[in-house]
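Be aware that the sequence shown starts at 9, since it is given in the working numbering, and climbs by one per residue.
Bear in mind the hints are in silico, worked out from the structure with no lab data behind them.
Among these hints, one or two may not hold up.
Unchecked claim - Calculated lysine to aspartate or glutamate pairs in the DMTMM-like style (CA-CA distance at most 25 Å, straight line):
| hint | residue 1 | residue 2 |
| --- | --- | --- |
| 1 | 69 | 209 |
| 2 | 277 | 246 |
| 3 | 379 | 229 |
| 4 | 277 | 229 |
| 5 | 280 | 209 |
| 6 | 277 | 382 |
| 7 | 85 | 119 |
| 8 | 223 | 272 |
| 9 | 225 | 136 |
| 10 | 240 | 209 |
| 11 | 282 | 238 |
| 12 | 280 | 229 |
| 13 | 379 | 352 |
| 14 | 379 | 238 |
| 15 | 240 | 272 |
| 16 | 309 | 246 |
| 17 | 365 | 352 |
| 18 | 69 | 95 |
| 19 | 85 | 382 |
| 20 | 282 | 382 |
| 21 | 223 | 274 |
| 22 | 206 | 238 |
| 23 | 309 | 229 |
Claimed, not checked - Listed next, with one range per pair, are the computed distances between beta-carbon atoms:
| hint | residue 1 | residue 2 | range |
| --- | --- | --- | --- |
| 24 | 367 | 94 | 57 to 63 Å |
| 25 | 326 | 357 | 26 to 32 Å |
| 26 | 190 | 83 | 23 to 29 Å |
| 27 | 146 | 314 | 24 to 30 Å |
| 28 | 404 | 282 | 21 to 27 Å |
| 29 | 404 | 322 | 15 to 21 Å |
| 30 | 355 | 190 | 54 to 60 Å |
| 31 | 254 | 414 | 23 to 29 Å |
Cβ atoms here follow ideal geometry from the backbone N, Cα and C, with glycine treated the same way.
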Amino acid sequence: MRKVLASAAILAVAGSAMATNGDNMIGVTPASQAMGGIGVGMPIGSVDSIFRNPAWMNSEKGFAVSFGGILFMPSVKARYNGSTNGDTGYVSSRANFFTVPEIGITNRINDQVVVGIAAYGVSGMGVDYRNKDPRLANMHTTLQFMRIIPAVSYQVNPNLSVGVGLNLAWGSLDMGANAGGGQSSSYGVGAQLGIGYKVGDLTVGFNYQSPVSMKYKHVFDSNGDGSYEDLKLQQPQEVAAGIGYRVLPNLKVGLDLRWINWSDADGYKQFKWKDQTVIAVGGEYQVNQALKLRAGYNYGKSPIRSYSGLNGMMPTNNIPSLAQPFPDFNVQWFNLIGFPAITEHHISFGGSYQFTKNFAVDLAYVHAFEKKVESSGQNALMGDANATVGAKNAQNEVGIALRWSF
9 MRKVLASAAI LAVAGSAMAT NGDNMIGVTP ASQAMGGIGV GMPIGSVDSI FRNPAWMNSE
69 KGFAVSFGGI LFMPSVKARY NGSTNGDTGY VSSRANFFTV PEIGITNRIN DQVVVGIAAY
129 GVSGMGVDYR NKDPRLANMH TTLQFMRIIP AVSYQVNPNL SVGVGLNLAW GSLDMGANAG
189 GGQSSSYGVG AQLGIGYKVG DLTVGFNYQS PVSMKYKHVF DSNGDGSYED LKLQQPQEVA
249 AGIGYRVLPN LKVGLDLRWI NWSDADGYKQ FKWKDQTVIA VGGEYQVNQA LKLRAGYNYG
309 KSPIRSYSGL NGMMPTNNIP SLAQPFPDFN VQWFNLIGFP AITEHHISFG GSYQFTKNFA
369 VDLAYVHAFE KKVESSGQNA LMGDANATVG AKNAQNEVGI ALRWSF
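Make a model of the complete structure from these sequences and hints.
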C-alpha cells in the first residue's frame, strides 16, 4: 500500500506552494474551484463529491471518470528588518510555478449504491529563498499532502443519501532552512462522512473529515547538536455544511461553510495557527445544452495572525518531537518566512463545455488577492533587540479537467 501511495503521490502532488485556506486548496477539481470551492451543500460532480461530500456521488447515473490538473502560480515575498542587521525589503520566492493533477472514477452498482476512488493533491505550501538574502537563512520549504479516497454512497430514500470515505494519506515535508534535514515522507489514515438531502430544487449537505496524524522523520535540528529530529504534524479535522438551490431552470447557486480546526492539530497548534471558518459561494448558469458558466468567491481569515512585542528569549513553545522549544518570535519567523499560508479573499471563474454525449471539459481560474502579515519583537538568535518579520502572498490558478460519463 505504501508503494501505491508513493507512486500516486508523484502524480497527485507535483507542487508545493498551494496554500489558500490555510494550507488547504479551496477545491480539488476545476468545477468546484470555479464556484469558490463549494460542493458540500450541492453536487458539483461525482469525482469532486468523493472529497467534498461523498453522499453526492449518488448524483451520477452511471460510470464516470475525470482527469485534470491545476497550474498553480503563487507570488510569495518575505521581509526581515532588524535593528542591528537592517532591512531586506520584500524578497520574492523563486517557488512560483507548480502543477497539481487530480484523477478519479465513480460507478453506479445499483439503484442505491455508487462507489468511487480518487486521488487529489489537497494541501501544501512552500518557498525558496536560497541564494537570496542571507538574513532569510536560505529558507526553502515544501509541504505536500495528498489523499487517495475510496468511497461509497448509499441512497437511503428518494431524498436522502449518505456517503463514507477512507482517507489514505501521503505527506512530504522539507523544513530546509540552515538547520533543515531534507525531504521526509509520512503516511496516515483518516475517514469522512457525508450526508446529502434533496427536496425539489433545494439541496442541503453535511461533511465531516477526521484528523490525519503524520510523523516526518529527521527533518530539523532544533538545538544545533547535528542530529535531525522528527516532527509531528496533524492535518486538522473539518466540519462543513452547505445549501444549494436551483433559482431558475438554468441557474443554480450554493453556499458552504467549513470549520477547519487548526488550533487543535499537533504541530499547527504549537505554531499558533488559529481556526478558520471558510465561506464559499458559487453559481452555475446553463447557457445552452453544451455550455455552462461558473463563478464563485471564497474567504477564510488567515490562520497566521499579526503580533507585536513577541518574546525572542524564552523558549516556551514545545513543537511536537523537536528537542528544543521555540521562542514566540522564532515561531512567527517560521510561519511567515517558511510557511506563509495567509491568503484570505479569492474570486473564481470558469465553465464547462459538453463536446459529446459522453465527453466534457471543465475550466477554472482562481485569483487570491495579496495578503500581508507582519509581526514584531525581539530576535535574540540574530542579535536584534527590535525586529520585524513579514510575508506577502498572492496566487493565480488555472485548472482543466477532462470528464467522461457513460
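Verification of the hints:
Taken as a hint, the residue 69 and residue 209 pair is honoured in the structure, with Cα atoms around 18 Å apart against an allowance of 25 Å. Simply put, residue 277 and residue 246 have alpha-carbon atoms about 15 Å apart, close enough for the 25 Å limit, and the pair holds. A hinted pair counts as satisfied when its Cα atoms are at most 25 Å apart, and residue 379 with residue 229 does not qualify at roughly 31 Å. Our distance criterion of 25 Å between C-alpha atoms is met by residue 277 and residue 229, whose separation comes to about 20 Å.
Of the supplied pair hints, the one linking residue 280 and residue 209 is violated, its CA atoms being roughly 42 Å apart against a limit of 25 Å. Taking the CA atoms of residue 277 and residue 382, the gap is near 19 Å; set against the 25 Å cutoff, the hint holds. With a C-alpha separation of about 52 Å, the suggested pair residue 85 and residue 119 falls outside the 25 Å cut-off, and the hint is violated. For a cut-off of 25 Å, the pair hint linking residue 223 to residue 272 stands: about 16 Å separates their Cα positions.
At roughly 21 Å between alpha-carbon atoms, residue 225 and residue 136 fall within 25 Å of each other, so this suggested pair holds. A threshold of 25 Å between alpha carbons decides the hint, and for residue 240 with residue 209 the separation of about 45 Å lies outside it, so the pair is violated. Taken as a hint, the residue 282 and residue 238 pair is honoured in the structure, with Cα atoms around 23 Å apart against an allowance of 25 Å. Distance restraint check for residue 280 and residue 229: the Cα-Cα separation of roughly 20 Å lies within the 25 Å cut-off, and the hinted pair is therefore satisfied.
For the suggested pair residue 379 and residue 352, the alpha carbons sit about 7 Å apart, so the restraint of at most 25 Å is met. For a cut-off of 25 Å, the pair hint linking residue 379 to residue 238 is broken: about 31 Å separates their Cα positions. Among the hinted pairs, residue 240 with residue 272 is consistent with the structure: their alpha-carbon atoms are about 13 Å apart, no more than 25 Å. With a C-alpha separation of about 15 Å, the suggested pair residue 309 and residue 246 falls inside the 25 Å cut-off, and the hint holds.
Between the alpha carbons of residue 365 and residue 352 the distance comes to roughly 38 Å, so the proposed pair goes past 25 Å and is violated. For the given pair, residue 69 sits about 60 Å from residue 95 by alpha-carbon distance, which is inconsistent with the 25 Å threshold. Distance hint between residue 85 and residue 382 is fulfilled; the C-alpha atoms sit about 12 Å from each other, no more than 25 Å. At roughly 16 Å between alpha-carbon atoms, residue 282 and residue 382 fall within 25 Å of each other, so this suggested pair holds.
Between residue 223 and residue 274, the direct Cα distance comes to roughly 10 Å. Compliance with the 25 Å bound is thereby established for this hinted pair. With a C-alpha separation of about 47 Å, the suggested pair residue 206 and residue 238 falls outside the 25 Å cut-off, and the hint is violated. Note on residue 309 and residue 229: the hinted pairing is violated, with a Cα-Cα distance of about 32 Å set against a maximum of 25 Å. Against the hinted window of 57 to 63 Å, the Cβ-Cβ separation of residue 367 and residue 94 comes to about 58 Å, which satisfies the hint.
Against the hinted window of 26 to 32 Å, the Cβ-Cβ separation of residue 326 and residue 357 comes to about 45 Å, which falls outside the hint. For residue 190 and residue 83, the hinted distance range of 23 to 29 Å is satisfied, since their beta carbons lie about 26 Å from each other. At about 25 Å, the beta-carbon gap between residue 146 and residue 314 stays in the expected band of 24 to 30 Å. A hinted range of 21 to 27 Å for the beta carbons of residue 404 and residue 282 is consistent with their spacing of about 26 Å.
For residue 404 paired with residue 322, a C-beta distance near 40 Å fails the hint of 15 to 21 Å. The given range of 54 to 60 Å is broken by residue 355 and residue 190, whose C-beta atoms sit roughly 37 Å from each other. Distance hint check for residue 254 and residue 414: the Cβ-Cβ separation is about 25 Å, which falls inside the suggested range of 23 to 29 Å.
The structure does not agree with the numbered hints 3, 5, 7, 10, 14, 17, 18, 22, 23, 25, 29, 30 stated previously, though it agrees with the rest.
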